[in-house]
Amino acid sequence: MTAPVLEVTGLKKHFQVSGRLSATGELVYAVDDVSLAIAPGEVLGLVGESGSGKSTTARCIMRLLEPTAGTVTLLGQDITHLSRQHMRPHRRQMHMVFQDPYSSLNPRMTCGQLVGQPLELHGIAGGSELGDRVQDLFDKVGLGDQLRHRFPHELSGGQRQRVGIARALSLRPNLLIADEPVSALDVSVQASILNLLVDLQEEMGFACLFVAHDLSTVEYFCHRVAVMYLGKIVELAPRDRLFADPKHPYTQSLLSAVPVPDPEVQRSRRRVVLQGDIPSPMNPPSGCSFHTRCPIVEERNKVEEPVLRDVGGGHQVACHLVGPSGEAPKLVEEKQGV
Amino acid sequence: MSALLDVRDLSVRFVTEDGPVQAVSDVSFQLEEKQVLALVGESGCGKSVTAMSILGLLPTSADPSGSVSFDGHNMLGMSSGQMQQIRGKEISMVFQEPMTSLNPVFRVGRQVGEVLRRHEGMSRDAAAKRVVELFELVGIPAPARRVKEYPHQLSGGMRQRVMIAMAVACNPKILIADEPTTALDVTIQAGILDVMRDLRDQLGTAVLLITHDLGVVADIAERVVVMYAGRKVEEADAGELFAHPQHPYTMGLLGAIPRVGSMRGESRLQEIPGLVPSLSAPPDHCVFAPRCPRADDRTRSELPALTEERPDHFVACFYPGERGGAK
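Residue numbers (numbering that gives the first Met the number 0), protein chains in the order written: chain C, 0 to 337; chain F, 0 to 326.
Among the hints, erroneous ones may be present.
[What the hints assert, rightly or not] Just so you have them, the derived chain C footprint on chain F, three or more residues with Cβ under 8 angstroms:
id, stretch
1, 46–57
2, 110–123
3, 155–166
4, 210–217
5, 250–258
[Claimed, not checked] Residues of chain C placed beyond 12 angstroms of chain F at every Cβ, according to the derived structure:
id, residue
6, E25
7, Q158
8, R171
9, D213
Just so you know, these hints were derived from the structure itself, not from any lab.
All residues carry an ideal CB built from backbone N, CA and C; glycine is no exception.
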């Protein structure tokens, strides 16, 4: 097996709650023991609801946040504790596309400058060569050349996100971290950005960590999918397996909550509506962190924490109720007859 | 039967520094009692402006024309005093962002109670009691405790439930929900949609739902109005619309969503090429023509009228339907 582009082991990120009201030094367990690996050219989806720690995981990998524990290995090099200066050469290898194309682009730079800046900063291109490279990138992401001299505010959301993608890919990174790159966009624009990412990924072959809350988007784009809940990965599987045969009760309910854009199907299917909200990561539940919302909770789940285990075919799940050879627990009674 | 809310030929023009912007053009639709009607479209299609103009929430730079009849009165010509009698009492609104639409410095119970005291003249105590009931109605656990909390102590889903409680406090006839679940997670969204469905069933509140999410539409809407660039391009019952979309734009939207079960390699998402036209110079021909695969000289010179292409299914297109045969 080829060496992974990215390997994350036992990643933890705990935030100290500050402020007068909690001088006791309470901790928010935003990411709690996450391990994952991404092979070259692989797209790994990281899904979960808000507060599940998926963005924090991405930011720790990018070293935009300092991990509390664990290691992040990029192309065989441990980058977890590198200083800013030592980190800089490695930044060429991974780049990020942010969710909000409005606030992630410097409003005082033209789009051409924004896309060219990484090339300049890393001393890769300058002068007229820089201009050519920027033009290539604009072509690649489907932006008209005339937009190079425009400022971000003059562009539509979809165009801005294309600028963000062009900037992220300008250094031909080995790893692209995309944090909800399409969720701020309209559906027709989402479609074109997703198509663009698919095309670019196939053409350039970068590995990608795709953070999203939208399961249908993840299914469309990713090769493998990790489902996060309250700072932990609860299920990790190749895409086909995860969507065809979700094991964890959380994954099952998440899949059932996505509305299908077809009234007949949507109104006749059974949904698992979860009770309550995602618990506070300041005070995560004992045992299985999903037990407070799990429709089929058992006593054991409240005390014993399930570990992620392989149930065959690269399908990993952290749930006591999944059988030894991966029999998924049933959340709803099967309908009689039809 | 006369409709509960009758919007006719609504047009909204904004006066801006760069000249007039025609945000909404000749939009008509009727909301029946207990109906869930969805206004669907992408950002900038005028769906929110349409909703805001119903309640007189447009900024002063807006110039609405046409009529919005509710209960025999044209809401567009109302004074702010008259409007305040209706707003929050007969017709109320839920906004997309539940964090910014609640006041962060007051307890949520007081904020919901304020509506009752203002419109129903309730005493502080009576309002407080009613608020607890309302919280229960919208499925907030431990309502007696929650009323004493501040917005920042609640999760997004809970805040949106508070907003809905506030909106239905006076038993309004119409609830206008502007992207009520867009900021929420899917599992929470499912719960909020259930609450809205229950309210409709229990209180008989008609819902005007503004959304871009066709999944949400498929879940809850009975009738659907598709808007594009300020115009209504298609209207039909939900089942009919999804089964037999007539307008190329609607078809494009349906093809653009990745569905659970669709994978890359197998199928490509349908893109709608081009951009939404600038509304500062709206074309006098079919607004979708520049992006439409079926466009020809006729679509680029004439404005298609809304016609009944199938029973109770209206579309504004010269070449509607699956094959797009000319009429």
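Outcome of the hint check:
With 0 residues carrying a beta carbon less than 8 angstroms from a beta carbon of chain C, the stretch 46–57 of chain F misses the three-residue requirement, and the given coverage is violated. For the stretch 110–123 of chain F, the assignment as covered by chain C is violated, since 0 residues bring a beta-carbon within under 8 angstroms of that chain's beta-carbons and 3 are needed. Judged by the Cβ-Cβ criterion of 8 angstroms, the stretch 155–166 of chain F is covered by chain C as claimed, because 3 of its residues qualify and three suffice. Coverage of the stretch 210–217 of chain F by chain C holds. Counting CB-CB distances below 8 angstroms, 7 residues qualify, and the rule asks for three or more.
For the stretch 250–258 of chain F, the assignment as covered by chain C holds, since 8 residues bring a beta-carbon within under 8 angstroms of that chain's beta-carbons and 3 suffice. Residue-level check passed: E25 of chain C sits 15 angstroms from the nearest beta carbon of chain F, beyond 12 angstroms. Distance check for Q158 of chain C against chain F: the nearest CB is about 8 angstroms away, which does not clear 12 angstroms, and the non-interface claim fails. Every CB of chain F is more than 12 angstroms from the CB of R171 of chain C (nearest about 21 angstroms), matching its label as outside the interface.
Here D213 of chain C does not stay apart from chain F, with its beta-carbon only about 8 angstroms from theirs, under the 12 angstroms limit.
Checked against the numbered hints above, the structure violates hints 1, 2, 7, 9; every other hint is satisfied.
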